[in-house]
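There are 2 protein chains.
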Amino acid sequence: MQLYSFHRSTASFRVRIALNLKGIPFETISVNLTSVPGEHETDVYRQLNPQGLLPTLVDGKVAVHQSIAICEYLEHVQPEPALLPGHPADRARVRGLAAALASDIHPLHSIRVSRHLARAFGASDTQRGAWVRHWIEEGLSGIERLLANSTQTGLFCHGDAVTLADAFLVPQVIAAQAYDVDTARFTTVAAITARCLTLPAFEAALPARQPDAVPA
Amino acid sequence: MQLYSFHRSTASFRVRIALNLKGIPFETISVNLTSVPGEHETDVYRQLNPQGLLPTLVDGKVAVHQSIAICEYLEHVQPEPALLPGHPADRARVRGLAAALASDIHPLHSIRVSRHLARAFGASDTQRGAWVRHWIEEGLSGIERLLANSTQTGLFCHGDAVTLADAFLVPQVIAAQAYDVDTARFTTVAAITARCLTLPAFEAALPARQPDAVPA
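The listed protein sequences derive, respectively, from chains A and B.
The working numbering puts the first residue of the first sequence at 1, with every later residue one more than the last.
The working numbering puts the first residue of the second sequence at 1, with every later residue one more than the last.
One thing to keep in mind: the hints can contain errors.
Which copy is meant is left open, because identical chains are indistinguishable; a pair holds if it fits in one copy or across any two.
[Claimed, not checked] Dumping the calculated SDA-like pairs for lysine to any residue here, alpha-carbon to alpha-carbon at most 20 Å:
no.: 1; residue 1: Lys-61; residue 2: Gly-86
no.: 2; residue 1: Lys-61; residue 2: Glu-80
no.: 3; residue 1: Lys-61; residue 2: Asp-90
no.: 4; residue 1: Lys-22; residue 2: Glu-39
no.: 5; residue 1: Lys-61; residue 2: Ala-161
no.: 6; residue 1: Lys-22; residue 2: Arg-133
no.: 7; residue 1: Lys-61; residue 2: Thr-151
no.: 8; residue 1: Lys-61; residue 2: Thr-188
no.: 9; residue 1: Lys-61; residue 2: Ala-82
no.: 10; residue 1: Lys-61; residue 2: His-87
no.: 11; residue 1: Lys-22; residue 2: Glu-144
no.: 12; residue 1: Lys-22; residue 2: Ala-89
no.: 13; residue 1: Lys-22; residue 2: Leu-84
no.: 14; residue 1: Lys-61; residue 2: Leu-197
no.: 15; residue 1: Lys-61; residue 2: Pro-85
no.: 16; residue 1: Lys-61; residue 2: Arg-119
These are calculated hints, taken from the structure and not from any lab test.
With the sequences and hints as input, model every part of the structure.
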């Protein structure tokens, strides 16, 4: 399989974790979102992904878009280890957590949104930073309540085994830290994230560990 | 089942369509997002949905959050009529379309984002309207390319049977029209939407048909 990915892309990070957890070897094809124009805006990439967004997973003749759809696809083609629990209500909770992370936080602080704030409102770097932190803090507060208030939360987001919810949580926390959000105050989120990052599948998926990462 | 919903909530609209398509009877419990404070911000609602977002589906003792997780849950508990196709690659395409609609358009023009633009940048009504239209037009352009460029698109988003992708598309198009976006220029999107709206399951889910809708 090939993963069209960028080291800083939060959505790509989720898929890297899922691939690693399942032990599926993959080739990373870097698509630079920060060059001008971005490599995701080229006709070549748009033929593969008409939205022009990352990531895209290519499995033979199949191209899959959207991190959640890619992870569900991986669950079909390689069921073990399972990243979704067996019972419908448990699956719903894991998918709900993943969707909350994918829909209610990250879309509001993506690079394209930050650029449009500058165009539309003349937003300064300081204002754009505050915007990003507002939505990450609001979003992680909601995730913290979902996790802390539920007896179904265990060592990981759902019970004591890693699920897709963890694969979606950790990239959001790492992104938050990159924007100087104090994530330690989300105590359940922080504990689960720290536990995940002791696992090689998560650690190897970190932005800094990717072949297209710029050395600090 | 009970659906905590609001007539204008795009995410609730998706779930109403899925429930109707499956012929599952449900009770609507209205949660007014536009009152001050919003009914979704109360402690009572947050006990049910710690994010304080709509919709929530309650099925006996199970509360499910996030429209995509709710629809997947419905697919488990009542498989027929299926809203996801059988083959993994087809399922991935349908889920990818649904995720593109759920993650890349609607979150950028929700009521809470519009309010925060006013607070953070002093955005006027005109500027907020332009913001909303920018993201809807960009988003629907991407969806149009995904649909128009694929031989897998048929009478509906995926082939000639209704899927979850259609249940996610129509609410976004109706929301676009409410913000005065000319959706006719997205010709594939418009044709599929018109076809869906001839079906009672879609028509009965329209905002104006809900018990909490304000008469025009």
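Checklist entry - For Lys-61 vs Leu-197, is the C-alpha pair at or below 20 Å within one copy, between two copies, both, or neither? => result neither (33 Å within a copy, 33 Å between copies)
Checklist entry - Should Lys-22 paired with Ala-89 be assigned to within, between, both, or neither, using CA atoms and 20 Å as the limit? => result This pair counts as between: shortest inter-copy Cα distance 18 Å, intra-copy 23 Å.
Checklist entry - Is it within a copy, between copies, both, or neither that the alpha carbon of Lys-22 lies no farther than 20 Å from that of Leu-84? => result So Lys-22 and Leu-84 pass the 20 Å test inside one copy only (12 Å; across, 24 Å).
Item to check | Intra- versus inter-subunit Cα pairing at 20 Å for Lys-61 with Thr-151 | outcome: between (43 Å within a copy, 14 Å between copies)
Item to check | Homomeric proximity label, Lys-61 with Glu-80: Cα distance no greater than 20 Å | outcome: neither (23 Å within a copy, 29 Å between copies)
Next on the checklist: Regarding Lys-22 and Glu-39, is the shortest C-alpha distance of 20 Å or less found within a copy, between copies, in both, or in neither?
Outcome noted: neither (29 Å within a copy, 42 Å between copies)
Checklist entry - How would you classify Lys-61 and Thr-188 at a CA-CA limit of 20 Å: within, between, both, or neither? => result neither (41 Å within a copy, 24 Å between copies)
Checklist entry - Within a copy, between copies, both or neither: where do Lys-61 and Asp-90 come within 20 Å Cα-Cα? => result between (32 Å within a copy, 12 Å between copies)
Item to check | Intra/inter-copy verdict for Lys-22 and Glu-144 if alpha-carbon distance must be at most 20 Å | outcome: Neither, since 27 Å and 33 Å both go past 20 Å.
Checklist entry - Is the C-alpha distance from Lys-22 to Arg-133 at most 20 Å within one copy, between copies, in both cases, or in neither? => result neither (32 Å within a copy, 40 Å between copies)
Item to check | Within, between, both or neither: Lys-61, Ala-161 at alpha-carbon 20 Å | outcome: Classified as neither; 32 Å inside a copy, 23 Å across copies.
Checklist entry - Under a CA distance limit of 20 Å, which applies to Lys-61 and Ala-82: within one copy, between copies, both, or neither? => result For Lys-61 and Ala-82, neither the intra-copy (24 Å) nor the inter-copy (25 Å) Cα distance is at most 20 Å.
In this structure, the earlier hints numbered 2, 4, 5, 6, 8, 9, 11, 14 and 16 are contradicted, and the remaining ones agree with it.
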